[in-house]
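Keeping their order, the protein sequence lines are chains A and B. Using my numbering, count along the first sequence one by one with no gaps and you end on 385. Using my numbering, count along the second sequence one by one with no gaps and you end on 573.
Hints listed in this document are in silico derivations from the structure and should not be mistaken for laboratory results. There may be inaccurate statements among the hints.
[As the list claims (entries may be wrong)] If you anchor each label on the Cβ, the simulated ranges turn out as follows:
#, chain 1, residue 1, chain 2, residue 2, range
1, B, Pro490, A, Ser378, 20 to 26 Å
2, B, Ile205, A, Glu137, 26 to 32 Å
3, A, Ser192, B, Arg301, 50 to 56 Å
4, A, Arg196, B, Arg301, 39 to 45 Å
5, B, Arg301, A, Ala126, 22 to 28 Å
6, A, Met24, B, Leu312, 22 to 28 Å
7, A, Arg356, B, Pro490, 28 to 34 Å
Glycine residues also receive a C-beta, built at the ideal position from the N, C-alpha and C atoms.
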Amino acid sequence: MDGQNKGSDQADSVVMRFEDVSRMFGNVAAVNGVSFDLRRGEILTLLGPSGCGKTTTLRMGIGLERASGGKITYNDITVDCPRERVFIEPEKRGMGMVFQSYAIWPHMTVFENVAYPLRYRRVPKAEMRTKVLETLELVGLKGYEERKGTQLSGGQQQRVAVARGLVANPDVLLMDEPFSNLDAKLREQMRSEIKRLQRKLNISILFVTHDQVEALALSDRIAVMKNGIIEQIGRPEDLYAAPGTAAVRDFLGRTILLPARVNRSDASGMEIAVLDGQTLIASGPNHLTNAAEPKCLIAFRPESLIVEETADNTGTVKNQLRARIRTLLFMGESYEADVEFPGGHSALINLSPSRRWSEQQVIALTLPPEKLQLWDRSTVQVEEP
Amino acid sequence: MQAGLQSGIGVSASFRVLLCTLLLAIVAFFVLYPAVTLFINSFEINTFSTNPSVGLANWYEVFSRTRLINAIENTITLSVARQFIALTVGIFIAWLIARTNLPHSNWLEIGFWIALFMPALPVTLAWILLAAEGIGLLNNAAKTVFGAEGDIFNIYSWWGIVWVHIMTSTLAIKIFLLVPAFRNVDSALEEAARTCGASILKTLIHIVVPIMLPTIIVVTVLGAIRSLQAFEIELILGSPARIDVYSTAIYKAVNSQPPTHGIASVLSIIFLAAVVPMVAVQQRISAKHSYASISGKFANRIFDLGRIRWPLFWGIATLLVFMTIVPFILLIVGSFMTIFGVFDLPSPWTTKNWTDALSRGDIPRALWNSLKLAGSASVTGMVTYSLIAYVVVKSKFAGRAVLDFLTWVPTIIPGLVLGLGLLQMFAGLPIFRPVYGTMTVLVIAVVIGTLSLGTQIIKSSLLSLGRELEEASWASGASRFYTFRRVIFPLIAPSVIIIGLEVFASGIAVVGLVALLGTGSTQPLSITQLIYIDGGFFGPASVIGIIIMSISIFAALIARQISSRSGLKRAAG
């Protein structure tokens with residue numbers, strides 16, 4: 001009952017709040033001052049490479065890990081705050097969780113697995129039965145009640161795990177890399193099913209993954225984490241189009257980085273020079289920290305390039321770079337080309353399969369000024385995530 | 001060239017089959033024949049008279065004598081009691097060590113490892129000193145400190161036997177076998193229960209124990225059989241209280257005048273008949289429900305115990321001190337006492353026990369016997385178990401499954417029963433007459449006694465070697481023998497050495513297996529000690545106890561060192 005209504009009248013209210021939360025393992029801060037709100041009815045994804053602290057953050061949310069500092073509240077109740085000496089055990093928090101390994105108890109049937117959370121909530125037998133069957137139907141496992149956990153495929157175990165997480169109508173479902181053990185096809189299917197379920201039940205999901213495609217596809221908001229801190233939090237589209245930090249830029253999608261020099265800057269955008277002397281205008285986000293430093297990087301997404309088969313030598317087309325195709329890989333839906341810019345820098349770009357390309361061919365790449373970002377030279381860590 | 005090469009392979013292959021068949025025949029003979037002998041002898045009447053006959057008189061006598069019926073009853077009740085207690089406590093401690101942030105859990109694990117090697121007889125002696133009626137230190141302390149009237153503890157009792165069993169290997173083997181198994185459970189299974197609302201204790205009861213049930217059953221059966229082998233505790237503590245178990249009844253039947261081998265054989269057969277279904281059930285369960293790893297991904301996170309971690313640590317540490325250090329210190333104290341356990345004499349302290357022990361001939365001779373026995377058994381065991389394990393794992397010999405099965409058989413035959421079977425076999429078969437009464441018999445007994453464990457450990461070590469390691473060597477042009485010497489052997493050497501040490505330690509401390517075999521000039525130290533304790537000479541018995549305990553603990557520590565350095569995961573059972 002409460003599952004159906006809680007979104008509509010309390011839209012944008014906060015279910016779970018992390019305030020400056022940290023977690024130390026010995027002298028190492030696995031999580032170092034993380035703050036964010038999980039809003040009612042949203043899917044918030046913690047995204048980052050392994051070891052960035054995303055799983056530890058999630059586990060602190062449900063109480064499988066204790067915070068070393070800061071404060072975690074759930075429905076305005078403090079559940080973990082070392083300063084106030086408050087810690088509520090995971091079994092008393094009433095959240096749902098889906099584990100990476102599914103954690104289906106092999107000695108119980110599907111029914112018993114899913115009914116387990118209700119046992120501890122003192123739900124009467126008959127009601128328990130209805131609720132479990134209802135939830136199993138919801139995840140597409142009707143008729144599987146009497147199977148043992150060991151008799152299920154990976155995808156079915158995943159569904160049982162989701163059913164167990166949802167059965168007690170928790171306000172929040174925590175999911176720790178839930179799809180990483182599934183094959184690619186099943187993973188895509190589960191992704192859309194989870195989104196459908198979440199929309200239907202209007203539940204809040206805190207999701208952890210290292211897979212950026214999964215994060216972009218599934219999330220209402222993404223928090224990109226690195227080295228125990230949140231680099232940036234926002235809508236997937238915003239993060240993708242306008243990354244706020246170098247880590248987000250490098251982690252989400254593919255970015256081409258080329259060394260350049262700033263010639264002059266004005267209100268309309270900067271005129272910059274790429275190393276071989278060609279000039280470009282950039283009016284996208286400017287992340288330069290030192291105005292006196294002319295050396296910089298221009299960054300752009302490969303898909304924002306407009307590719308032409310031959311370069312216009314008249315110089316009438318603005319913001320055009322020439323590049324040579326070094327290798328060409330046919331990927332089915334497109335060609336993947338390793339192209340070399342003048343000055344020796346190379347990048348991978350996708351080329352339309354409807355045209356004929358050949359290795360050693362010189363092509364022209366036009367860069368829309370608003371898609372060009374400027375970054376300090378020092379922000380280059382890894383070219384490709 | 002081509003033909004020569006092929007015939008060369010042909011000859012060596014049939015030679016290998018011959019060798020394997022010979023190995024199978026020898027193992028089958030030594031493992032099965034004692035049981036067959038026992039069965040035949042159980043129907044033989046008046047063995048030592050002029051006209052032996054065949055009949056059911058022995059069987060009739062066993063079931064008509066209430067003392068023997070009581071012995072069977074006691075065996076069952078004592079076993080159930082100590083297994084139940086040791087299992088409950090063992091599961092809890094193993095879980096604490098494997099899955100929680102219990103402080104210094106690695107030290108506690110080493111402690112239980114040492115406890116596993118603690119020889120039963122010296123520990124029994126220490127508990128006599130602590131808790132016997134009249135002389136027990138704990139009883140005297142209770143009287144002076146709390147003003148207790150009379151004795152609180154009496155080690156010569158039903159509960160005394162249970163207690164000493166638990167304090168020797170019964171509890172330690174549970175923890176030793178369960179800790180690695182607990183480490184292999186995906187911790188998400190526990191965490192999932194907690195997120196569903198189960199407390200730590202309920203998680204342990206509803207999730208961990210059921211998932212571990214197949215392992216727990218295996219451990220229980222192994223533990224039950226192993227604890228039945230230690231008959232010396234029942235002999236020393238049970239006899240004054242007139243508590244007999246099947247093994248002491250066998251011992252007494254053989255040692256009575258005239259010896260009643262028929263009765264002893266009947267008791268042995270009854271015991272085997274009871275154990276075989278147990279083993280069958282255990283095999284079925286472990287084959288059917290192997291939950292071990294349900295998913296590929298696998299996490300092993302530890303539970304935070306919070307503030308109770310230190311009290312729990314001190315509790316377990318105290319238990320370990322009483323299992324290891326206290327018995328050792330008590331034996332040292334006891335060995336310097338004029339009258340064992342009596343402190344209020346004018347001169348309670350003496351070095352007489354030590355000077356006597358070293359100047360009299362029997363103890364040094366028994367020590368020499370023990371070292372010979374343990375050393376020979378250790379070398380023989382290492383070679384035999386490696387051979388068997390290699391044939392079972394790596395060869396295509398048709399009889400390898402039978403060979404594998406045969407290595408399990410000694411597990412179900414308690415030491416004393418096996419000893420009796422070997423005694424009858426060596427006495428009964430003319431070809432063995434020359435070795436009857438020599439050290440060879442004892443060596444064979446010890447090697448058969450450790451056959452199961454030894455072969456299993458080397459087998460699992462061989463199984464963990466990828467086939468490609470060998471194939472790479474063959475592809476490089478190395479022969480089978482050269483590959484074994486340069487590739488296989490160096491890789492399995494640590495486990496072989498550990499097995500050697502285990503056989504050595506058991507050869508030093510062995511009682512049940514050789515109690516009926518090691519008499520006269522071949523008597524080892526452990527049997528000398530048994531006789532001293534049985535006769536009430538606790539001073540010299542303490543001296544022997546210290547020697548046996550020191551050698552056992554030393555072997556345990558070296559084995560531990562080797563296994564931790566080579567990073568071996570011990571796969572026992």
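Going through the hints against the structure:
1. B:Pro490 to A:Ser378: 20 to 26 Å: Given a distance of about 51 Å, which is not inside 20 to 26 Å, the answer is violated.
2. B:Ile205 to A:Glu137: 26 to 32 Å: holds, 31 Å
3. A:Ser192 to B:Arg301: 50 to 56 Å: violated, 31 Å
4. A:Arg196 to B:Arg301: 39 to 45 Å: violated, 32 Å
5. B:Arg301 to A:Ala126: 22 to 28 Å: violated, 37 Å
6. A:Met24 to B:Leu312: 22 to 28 Å: holds, 24 Å
7. A:Arg356 to B:Pro490: 28 to 34 Å: violated, 60 Å
Hint violations for this structure: numbers 1, 3, 4, 5 and 7, all remaining hints satisfied.
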